[in-house]
Structure formats: C-alpha cells, structure tokens
Amino acid sequence: MGLVKTMSSLDRRIIFLVVALAVIIPLLLPIGLPIKPTAPVKAFYDSTELIPEGSYVLISFDYDPATMPELQPMAISLLYHCFSKKLKVVMMALWPQGPQMADLAMEVVNQQLQAEGKPLPEYGKDYVNLGYKSGGGLVIIGLATNFGAIFPLDTNGIRISELPLMDKVKSAHDLQAVFSLSAGDPGIPAWVMVSRMAGYPTPPQPGETDITGKMLILGGATAVSAPQFYPYLNTNQMQGLLGGMRGAADYETLLALPGTASEGMDPQSIAHLVIVIFIIMANIFFFLEKRQEERKAT
Amino acid sequence: MEIANIPFWDFFGVWVAALLTLFIFSFLYKDNPFYKFAEHLFVGISAGYFVGYYYYNVLLPNFWEPFYYQGRYEYLIAVILGITILFRLSRKQAWVSRFGFAFVIGCGAGINFIAYLQSNALAQIYGTITPLVSLVSGEGGILVDWKNTVFNLVAIIGVCSALTYFYFSKPHKGFLGGVARLGIWFLMISFGASFGYTVMARISLLIGRMHFLIFDWIETTINVINGNIAIGSTF
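Chains A and B, in that order, are what the protein sequence lines are.
Its first residue numbered 415, the first sequence is counted upward by one per residue in the numbering used here.
Its first residue numbered 136, the second sequence is counted upward by one per residue in the numbering used here.
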C-alpha cells in the first residue's frame with residue numbers, strides 16, 4: 415500500500431539523479447558493449463567508398479555547438495574518411511556557426527593523421543572552407559551554376575579564384591558527392607529537395623558501382639530529425655544516413671576510428687535501459703493505484 | 136617526461152563553461168538565481184553575438200560590398216524590402232511590413248512548392264508502387280524474397296490505412312472504420328519511433344555535457360593541480 419503511493423508520487427528529481435548516474439558511471443567505467451552498424455550507416459560508408467580517388471566532394475556544416483555531441487563525431491569521421499581516400503573537400507555552411515565547426519573538426523583530423531604518420535591535407539589544394547552563406551535553398555540553387563557568385567571569398571577572406579582546388583570546382587556538376595551534416599532547416603531537407611529541383615546530377619541507382627557523372631547525396635542528422643529522412647533513403651533521394659550519436663558510433667566502428675560517439679554508446683544504452691525500466695514501473699504502479707482506488711470505492 | 140601545456144584562456148574558458156553548465160543543471164532541482172543568471176547571460180550574449188555575426192557575415196558581403204564597391208544598385212531593393220519588415224514594430228505603420236513579407240512568402244512558396252511536390256509527394260508515391268511479391272534470381276532459378284515481400288506489404292498496407300484515417304468525407308464505420316483504426320496503429324508506431332529517437336537525442340546531449348564536465352573540466356583540473364599539465368604563460 416505504502417510502496418504504491420510512494421512510487422506513484424515519486425519526486426522527479428530522483429529520476430533525474432538516476433538518469434545522471436546511468437550516464438556518469440558508464441562514462442567512468444566503460445563496459446564495451448558491442449556496436450553493430452545499421453543498414454543506413456553501412457549504405458553511407460559503402461557509398462563514400464565508391465567515390466573515386468581525387469574526386470571533389472562538398473561537405474555542408476549545417477549545425478551549431480548545441481548539437482555538437484551528435485554531429486561533431488560524424489564530421490571528424492567523415493573528414494578522416496575523405497582524406498584517407500584522397501578526396502578533395504569543399505567545406506561550407508548553411509548555418510552561421512558551421513564554419514567554426516568545420517575548423518574544429520579539421521584540428522582533430524589533423525592530429526589523428528599526424529599520429530598515424532600520414533601526410534596532412536593542405537589548405538587550398540586538398541580542402542577549402544568557403545564559410546557561411548545565408549539563404550538556405552537559394553544558396554543551393556546558386557551553387558548549381560556558379561560557386562564563385564555565391565562564395566566569392568573563403569573564410570580567410572581569400573578570393574576563391576586564388577585557391578587551386580576551386581579551379582576545378584565551378585559548379586555542383588563538378589562534384590561527386592554532397593554531404594550535409596544537419597541539425598534542422600536548412601540542412602538535409604533543403605539539399606535533397608532543392609538540389610533535385612535545381613538540376614544537380616542525378617544519384618546512382620542502388621547497386622550501381624560506377625558513379626561517373628552521378629552525384630551522391632549523403633547526410634548526417636541529429637536523432638530528433640533522423641526519422642523524417644528515412645522516406646528519402648527508401649526512395650533513393652539519399653544514399654546513406656547517419657542518425658544521431660548512434661549513427662556516428664556505427665560510422666566510427668566501420669572506419670575503425672573510435673571517438674567520442676563510440677565512448678557514448680555505453681552510457682546511451684544504460685540510460686535507455688533505465689528509462690525503459692521507469693516506463694514499465696510507472697505503468698505497473700499506475701494500474702496498481704487504480705485498482706486500490708476501485709477497491710476503496712466498492 | 137614532457138609536461139603538457141594548456142593556454143591560460145583555454146583553461147579559464149573550460150571553468151566558465153563548466154560553471155555555467157552546472158548553473159543551468161541546477162534548474163532540475165528548482166528555479167534559483169544561478170539558473171536565472173546563466174539563462175539571461177545566454178540570451179544576452181547570443182543576441183549580441185548574432186547582431187555582430189550577421190553584420191560582418193551577411194550585411195557586409197551580401198549587400199555593402201556589391202553595392203558600394205561594384206555599383207550593384209539593384210541590391211538596394213532587397214535592403215528596402217528588408218527594412219519594411221521592421222515596420223512591424225509600429226502599430227500604426229505595421230501595414231508597410233506586408234511588402235517585405237509578401238516578397239519572402241511569395242519566393243518561399245514558389246521555390247518550396249515544386250521542391251516539396253517532387254521530393255515529398257511524387258517521389259514518395261513512386262516509392263510506394265512496389266511489387267507485392269519480390270522476386271530474386273538465384274541458383275535454383277527465380278525465388279521469392281520473403282523479407283522484401285513482407286516489407287513491401289507492410290509499406291503498402293501502412294500507407295493505405297494511414298491515408299484512410301485522414302479521409303473525412305465518410306463516417307469511420309464498418310470496413311472503412313476498421314482500416315482507419317489500423318491506420319491509427321501505424322501512426323502510433325511511427326510516433327513511438329520518433330519519440331524514441333527524441334529520447335536518444337536528449338540523452339546524447341546529456342552525455343556530451345557529462346563528457347565535458349568529467350574529462351575536460353575535472354580531469355584537466357586534477358592534472359593541473361598534480362602538475363601533469365602546466366598552465367601556459369601566454370594569454
């Protein structure tokens with residue numbers, strides 16, 4: 415009787431404390447739960463592997479520090495993957511703080527490549543950061559025909575005509591893939607919908623391995639927004655998707671590059687387990703309390 | 136052994152960020168002055184930061200440079216339309232803002248109408264037209280791909296029943312009512328999946344903050360106290 419009443423009116427602060435402990439303890443004492451990559455992440459990885467060496471790709475950093483725990487590990491892994499495959503990377507942003515996110519990710523990637531004894535990518539030759547441009551969909555339309563009109567300067571104030579990499583990238587037709595790391599709008603929906611309308615090269619059909627003349631559209635999204643992108647995956651409007659920290663951890667696993675997302679999987683699993691237990695307990699005590707009230711009434 | 140070095144301002148920044156994080160978390164216990172301070176600080180700094188950011192990264196490169204240095208006077212039209220939106224702040228002159236809003240809404244609707252129709256309607260209808268029985272060619276000839284067949288059936292039944300739920304021209308009774316009820320089940324499952332993803336996202340953000348507090352703040356501070364990390368003399 416007493417237990418039912420106590421549990422039914424449990425102070426929410428106790429629940430906050432238990433959830434906090436469920437996150438802190440596995441961070442300090444990792445269990446090492448296995449990470450099995452999901453199909454959309456495998457599709458993302460496999461599609462990126464199809465891009466020929468030396469191709470030009472665009473990464474749009476459409477997020478800000480609020481979603482860094484989910485999207486920054488994706489950015490680091492993606493840049494590492496691109497430079498390992500010797501791809502030329504054009505970075506830009508549809509969100510104001512995107513260029514800073516790109517710079518932070520590059521710092522980590524450079525440290526990783528240096529630790530592995532690999533050559534560091536050279537600015538202007540192997541990658542460029544064009545910065546932020548307001549306008550969302552209109553920017554994407556503009557890039558279909560002329561990069562220089564939309565981004566006359568890079569983030570350092572250098573004219574893009576002075577950057578050797580940009581000699582080869584005049585419009586979206588020179589790109590082999592567009593990656594959008596997106597925390598909302600403008601982001602993946604804009605890239606998928608507007609690029610299709612603006613006449614970007616069409617994506618390859620599923621199973622196609624020669625992607626010459628085609629353009630991949632791949633995305634990384636926060637877990638909140640990931641479910642709305644599955645219809646794009648199922649209709650081949652996107653060829654791969656990283657969803658939330660779990661997607662980032664899957665990608666790190668496929669690249670054999672454990673990072674903060676992989677570290678976060680133990681606390682994530684334990685916290686989910688705790689929440690499930692709370693939901694089950696809440697339902698049990700709700701029905702028990704209801705039955706007690708019915709008994710009292712009769 | 137070489138001692139790692141952390142610049143003073145980086146270390147100071149970590150402490151400020153950690154304390155502000157704790158101030159915000161303190162709201163989980165109850166509303167308090169520390170939370171209020173952090174909240175107001177965040178709102179004020181964000182507003183100031185974005186005014187500066189937009190001035191240097193939007194107004195100057197998108198308007199002033201082409202207008203002043205290249206003589207592109209047509210850009211003035213966009214600025215005037217933008218200024219009309221500010222008339223919204225006046226009760227008497229609010230009608231002027233309609234010019235700016237009309238332009239934004241007109242352009243937005245025109246661009247998005249085609250984009251949404253292509254990607255969210257036509258492509259989705261095309262994607263739903265799938266064979267009821269999926270076949271694959273294997274060693275023993277043509278075989279039924281049971282996994283795909285079941286997926287296709289679930290997709291078709293789900294789409295049809297969910298659409299039936301939103302058909303309001305006839306009362307949901309009898310067969311129509313049964314199909315609509317099935318549609319509700321499909322909708323509930325999709326809402327549940329979305330909610331699950333939302334919980335995952337919020338826990339991810341909590342993990343990010345905890346990771347920062349434990350490793351970037353506490354561990355670094357302990358290392359500084361123990362002399363394993365030196366605070367750089369450069370400011």
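Derived from the structure by calculation, the hints contain no laboratory data.
Fair warning: this is a prediction, and the values are worked out from it, not measured in the lab.
Glycine included, C-beta positions come from ideal geometry on N, C-alpha and C.
Take the hints with a grain of salt, since some may be wrong.
Partial pick of chain A residues on the chain B-facing surface, computed with a CB cut under 7 Å [to be verified]:
#1 ALA453
#2 SER548
#3 ASN570
#4 GLY571
#5 VAL608
#6 GLY613
#7 PRO615
#8 THR649
#9 GLN682
#10 ILE684
#11 LEU687
#12 VAL688
Okay, which hints does this one fail, numbers in order?
Numbers 1, 3, 4, 6, 7, 10, 11, 12, in rising order.
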